[in-house]
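Chemist: Take these sequences, add in the hints, and give me the full structure.
Protein chains in written order, with the numbering used here: chain A, 20 to 299; chain B, 10 to 351.
Please note that the accuracy of each hint is not assured.
[Stated by the list, open to error] Some but not every residue of chain B turned toward chain A, in silico, with C-beta under 8 Å:
id, residue
1, G34
2, L46
3, A155
4, F172
5, V174
6, P180
7, S326
[Said to hold, decoys possible] For each label pair, taking beta carbons as the anchor points, the in silico distance ranges come out as:
id, chain 1, residue 1, chain 2, residue 2, range
8, B, L203, A, V219, 48 to 56 Å
9, A, T67, B, I67, 36 to 44 Å
10, A, G262, B, L203, 33 to 41 Å
11, A, E295, B, P253, 28 to 36 Å
12, A, I46, B, R216, 34 to 42 Å
13, B, V274, A, E295, 26 to 34 Å
14, B, F172, A, D64, 27 to 35 Å
15, A, M137, B, L72, 27 to 35 Å
16, A, V219, B, H145, 21 to 29 Å
17, A, V135, B, R69, 36 to 44 Å
If you're looking for bench data, these hints aren't it; they were derived computationally from the structure.
Heads up, the beta-carbon is just placed ideally off N, CA and C, and yes, glycines get one too.
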Amino acid sequence: MGHSGGQTGVARRQRWRGLFLSPPAIILAVFVAAALFAPFLTPYDPVTPFLAERLQPPSFLHWFGTDSLGMDVFTRVLYATRIDLSVAVASVLLGIIIGAPVGALAGYARGWLDDVLMRLTEIMQAFPQILFAMALFAAVGSSIWHLILILAFFNVPVYLRMVRSSALPLRESEFVLAARCAGHSTLSLVIKHILPNTLVPIFSQFSLSTAYAIQMVAGLSFIGLGVHIPEAEWGSMINLGAGYVIFGKWWPAFFPGMAAFVASYALHGLSRRWKEFLVT
Amino acid sequence: MRETLLRAAGYLLKRLGSVCLVLFGISSITFLVTRVLGNPVYLLVGHQQSPEIVNNLIQRMGLDRPLYQQYFRYMWSLLHGDLGISRYTFRPVLDDIALRLPATLELVLFAMVLVILLGIPLGILAAVRRGSWWDHAVQAVSQLGASVPNFWLGLLLIYFLFFLVPLFPPPLGRLDDPGQAPATVTGLLLLDSLWAATFHTFSSALRHLVLPGVTLAAGAVPATINITRDSLVQILASDFIRTPRAYGVEKRTVYFRYALKNALVPVTTVLAMTTGFLMSGTVLVETVYSWPGLGLYAVTAMDHFDYEPIIAVVLISALFYAAAYLVADVLHFIIDPRFRVR
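Modeler: Quick look at the structure:
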């Protein structure tokens, strides 16, 4: 935004480098690469059981061992990146697409619309989320599309409230008043002038929400919702391996959980870097 | 004095009203979800049944009536505590819940104590020693805690502290031997066994509670740390702290007399939010540890395509969440005089 104007080219380049070449950004790039190139990185198939090689510990042949159906855990962790990342990102984006414009409108228009929306989002955030997702899944059936919609539903109030609170002070600002004098309708004013000025906090919240969404996807699949065994997904893999942990067979549950952990840790780190990037 | 009491009563009524509004909203949304998005008949019998059976059920359940009539009937039975009948325990859902609620409450309360004992002191430490090694360490730990999938952490704890080093009992239920359960007074085994003075049972209950409690708390501690730290940092930078410090009032007096009290308001709000988070988290944690509470009840019901228990557990959890918010509001009223003027 405006405050980078006084910096020299070198300083600006260093700031961007600090963001994109930081450890969290590199880790996330590795995850994206794993998702894209999974078939080239492993000789095994992610969903074909091979019962002769059940529950083999990690070895040179199977880096992360094999699970209770004899599937290679490393292969499945790689392929799972596809579902976990795309479901998480898609649901957060959908939440922003719905929540941000409505929030901008509520912050600009205020009045009864604002009141109703604030009460509604309060109610939505009061829901115990995992339980509510269970009720929704019970009603509409369990599938990946429903999983995306439900997680998007949880993200809508977050962005609605966030954009609303940054839109509130803009209402009286000079450029908005000028635009109104120039004869803009409320709708075009909100979309063209209010919304673009509320985007900055959205970015740092975006990676936090994605981290949370990854944990929700894994958690819901762990209790059998959304993604089903044998499809490769971190949570359903943990579910498949959970029963063997008390017998000391840790690897089928350990590695997928580790992947989810590292991915969301990197996303948290990225959000922090982004905040620092904005204030320097 | 009388005026303050009147104002307190008015404030409480207003908060109570908004709690009722939230509960009304939640029960309405669950109605919409089950009756409009989904069809309860298919939830009960699946999609393969013949049309006669389905039509028969539709009539018996009153689903052929107009939606508003169904809605009134649903709300009416909710108000009378009728939550339906479970299809796999063959008992009223309300009875099932009464049986399992104490287990969940004990778990949530234990986790809450851990959250308060860990989150608030660490947040204070990070704020008071801001920018120091302590601050960075606490923040790193809280970022780790926020990124760990809870249920996976539970599995790790089971592997290390049950399988490798058997410090804790296997993750199956609340006691070594269900026969040693103390007579029910509160339903919380820790309290009941103390009441009955059976210390063997007490230690058994405690040992079963530690791992699930730690697992559940781990997810909620980071938020408590962050909010305690951020609000205290803001307060420590304000005039009413810097002025007495400049006049030479002792650090400890300033911190405990002025700073902490002001920081408690946002923290109580966070603890109320934490209640909702913990209630929701019990679903996964109870599944990992086979803890016989509401979360496991809902998951088992889901495996049997039984939706009424799930709805009931959603509503009960929302009730607890709303109650926690109410308590936080009352605490604000007591802690912060500014609330009394409004």
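Chemist: So, for every hint listed, does it hold in this structure?
Modeler: Verification of the supplied hints:
Because the beta carbon of B/G34 sits about 4 Å from the nearest beta carbon in chain A, less than 8 Å, this interface hint is met. Given hint, B/L46 at the interface with chain A, holds; its Cβ is 5 Å from that chain's nearest Cβ, closer than 8 Å. The criterion of a C-beta within 8 Å of any C-beta in chain A is met by B/A155, whose closest approach is roughly 6 Å, and the hint holds. The closest approach between the C-beta of B/F172 and any C-beta of chain A is roughly 5 Å, which is under the 8 Å cut-off, so the hint is satisfied.
A hinted interface residue such as B/V174 counts as satisfied when its beta carbon comes closer than 8 Å to some beta carbon of chain A; here the least separation is about 12 Å, so the hint is violated. Using the Cβ-Cβ criterion of 8 Å, the hint placing B/P180 at the interface with chain A is satisfied: the shortest such distance is roughly 7 Å. Annotation: B/S326 was flagged as interfacial toward chain A, and the flag holds, the nearest CB pair being 4 Å apart, inside 8 Å. At roughly 54 Å, the beta-carbon separation of B/L203 and A/V219 lies within the given 48 to 56 Å, and the hint holds.
Between A/T67 and B/I67 the beta carbon distance is about 43 Å. The supplied range of 36 to 44 Å therefore holds. The given range of 33 to 41 Å is respected by A/G262 and B/L203, whose C-beta atoms sit roughly 34 Å from each other. Range check, A/E295 to B/P253: Cβ separation about 32 Å, and the 28 to 36 Å hint holds. Separated by about 38 Å at the C-beta atoms, A/I46 and B/R216 satisfy the suggested range of 34 to 42 Å.
Between B/V274 and A/E295 the beta carbons are some 28 Å apart, a value that agrees with the proposed interval 26 to 34 Å. Separation of B/F172 from A/D64 is about 31 Å and conforms to the stated range, judged on CB atoms against 27 to 35 Å. The beta-carbon spacing between A/M137 and B/L72, approximately 34 Å, falls within the hinted interval of 27 to 35 Å. One distance hint, 21 to 29 Å for the beta-carbon pair A/V219 and B/H145, holds here, with the actual separation near 26 Å.
Taken as a hint, the range 36 to 44 Å holds for the pair A/V135 and B/R69, whose Cβ atoms sit roughly 37 Å apart.
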